[in-house]
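2 protein chains.
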Amino acid sequence: MQRAGFVAARHEVESESEEETMRCVSCQDEYDADEAGTCKECYEEANETEEELKREIEDLKAKVAFLRFWSPLDHHSNHRSCGPCFTDVVLVASSDEPTAGPPVPVPAHKAILASRSPVFKAMLENEMEESRSGTIKIGDVSYDALRAFVNYLYNAEACLDEQMACDLLVLAEKYQVKHLKSYCEKLLVSKLNWENSIIGYAFAHQHNAKTLLDAALSTITDNMDKLTKREEYVELVEKDPRLVVEIYEAYLSKQVNTAAHKDSPVKP
Amino acid sequence: MQRAGFVAARHEVESESEEETMRCVSCQDEYDADEAGTCKECYEEANETEEELKREIEDLKAKVAFLRFWSPLDHHSNHRSCGPCFTDVVLVASSDEPTAGPPVPVPAHKAILASRSPVFKAMLENEMEESRSGTIKIGDVSYDALRAFVNYLYNAEACLDEQMACDLLVLAEKYQVKHLKSYCEKLLVSKLNWENSIIGYAFAHQHNAKTLLDAALSTITDNMDKLTKREEYVELVEKDPRLVVEIYEAYLSKQVNTAAHKDSPVKP
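Protein chains in written order, with numbering that gives the first Met the number 0: chain R, 0 to 267; chain U, 0 to 267.
In case anyone wonders, no lab produced these hints; they're calculated from the structure. What you were told as hints is all true, and nothing was included just to trick you.
Note: identical chains are not told apart, hence a pair may lie in one copy or across any two.
Mimicking DMTMM-like on lysine to aspartate or glutamate, the simulated pairs with C-alpha atoms at most 20 Å apart in a straight line are: (1) LYS185 - ASP213; (2) LYS177 - GLU57; (3) LYS60 - GLU49; (4) LYS185 - ASP58; (5) LYS39 - GLU49; (6) LYS60 - GLU156.
Let the hints inform the model, and build the full structure from the sequences given.
Following this line, the structure appears as structure tokens:
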């Protein structure tokens, strides 16, 4: 009988002023015409849509769980020990840094590597050195990054800090693992700020990371007044002036666009 | 200026009657207190939630696409021919039905089979006959069903009609591939009707398909007046009377529950 009470209350309000109120079925607050959202039918439809989307998410999560592969590295997973694992290839991190001993090989399956990376695929199918020897050397990478990289190829999961995201982005670009690359770019974009934008911009350029590049450029061109004072800027002019030219071009193009939006002529 | 028009229109209506109207931001129809849904704030929040859910779905779909494995059978897929594929085992359908020639082997990877099915895992890791010979015989199955089964283990996709759903459910139960089993059950539940409910019920019982079993039982107990006249019923009494007992028990329990809901005593 809350309903009858509500109707009565509404009439009271009406008699006091012209304001009309209705009660929101979601937050239960009263609202007037200014704050009107949807009618009940649309609300119920939206609710159904939300339920459907949630069901779809559950289905997709189950699918991901099914398709996820236990990695031969993954000894602490829920899966029981994978026993012999049937691995047929190892990856070895060959870093220039001096290490404590010989590199620890990372076991894997040729079929998985070839399925996830067109570069591994070509390497393994074409009976190159790597395929014959069963050993793939990965240059300029730490053991931890290599391990995380291989793990991602099996289960699409990685625990990323900024350093690991950079390391994995480099590997993802080199071995053309698009899904991992975009995962790393997302993390790096979320960590972008004025302090790291020039370094991020140069890094993105070097490793062909379009999303990160655009985000870094946008941060830089929002702070042009401070740009030339930064040490990284001076270094970049020295090292790769073409990248600096691209910053100015982006800034110019942004100014032109802003001006066009304002229907006013471009300022010199 | 539609807004001003709306307010004016609203006042006109008011002067004619006590009815108040607001305009739904979704369908653009006017509504009154009876049909009130949400306020604008809740509507906007719900909209954001929907957008977030859709983004999550996109992310999950990309993950599924990444984790999906091209099957060695999958010559018509978008992936380029998988070349040698590095398969290390074959599956062979051994059916009692006379066939035109020797069975066609279905190539696969031990690592994939072991990852998807605990039964294959035990079989392959324990150096049983199958592991040594590199051939796994699958009994009582057509080549097409075996092919579809192996394919599903690689990419979680299958094109199901009722017959294929039954065939794959049997394999999924035998090799404990839960995700496939629940996929087949969903299809079979959606095709359930009074005509096929008794056969569906017996089939679900035989292959331990709980969801299908419950759905079939519910269809049967909704039609108890017609049950004993059906040929399948007579056959089931003959072949497996315990299953018939379970139907009656389910019916009785439903009656008790219904009675309890109505707060009235159970009719004899």
